Amino acid sequence: MTTALILGAAGGIGRAVVARLLADGTTVIAVDQDPAVHRLPGVTIAFDGDATDEALIARAMDAAPEPPSILVHALLSEHRAPLQDVAPEHWHRVFDVGLVSAWQAATALVRRKPAGRPASIVLIGSVHAHAAAPGFAPYAVAKAGLGALARAAAAEWGHRGTRTNVVEPGFVAVERNAHRWQDPEERERIRSAYPLERLCSPQEVAEVVAFLAGPSSSYVNGVCLPVDGGALAVLPEVHLSRNSHG
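Just so we're aligned, residue -18 is where the sequence shown starts under this note's numbering, counting upward by one.
Just so you know, nobody snuck in bad clues.
Straight-line Cα separation of at most 20 Å, EDC-like style, residue types lysine to aspartate or glutamate; simulated pairs:
1) K94 with E137
2) K94 with E47
3) K94 with E35
4) K94 with D43
Hints were generated in silico from the structure; no laboratory data involved. Predicted, not measured: the structure shown is a model, and the values here were computed from it.
Between the sequences and the hints, there should be enough to build the whole structure, so can you do that?
Here it is in structure tokens:
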């Protein structure tokens, strides 16, 4: 039996990951601050609360029938403001939710993992780790930190059989940004910015998470894998050329 702890399980990507891992026969422990986490189909162990609380994570892991061998961290926090206007408390909250909690949960998993048993930690990052947008500084810095965390974990925990990787989506059509992709003009603007010329679904991200969580990626460790339809591969002048030619 394989057990996975999913943090942010009630969010758009989190729900898709839960469904995908359940389809593989994985036992899922779901954690989210949204009480809807208790109504996720197929989930029998769920906790609602702040995942930055180490005690909550400990209770979730200890409720499992066996120590989890998969951790998926799908948490985020944003504070959108010009860089010079971001207050220290906003930096701290974004980092606590988006980065520090990943380290806390990963450490809890490693401490509980029986010797000799492989484990996989998958962190949900973002293309914001590589390319900046005005007003997103704390979010971008936290997401970039996940890559550094994955590399540090690969170096320190690899000999224990624990792999740590990051999935970095581009724009994903989930509920929290529905106001954008449900607007025809905004949807077209986003769609045309991606080389595949369509939006990414949370299920597509979940497929990559499942790959990194499972045995098919058994020698993949410490990498950041963009799931962005090629967005990071394209130079800005390509977009200008597209727009000028309709």
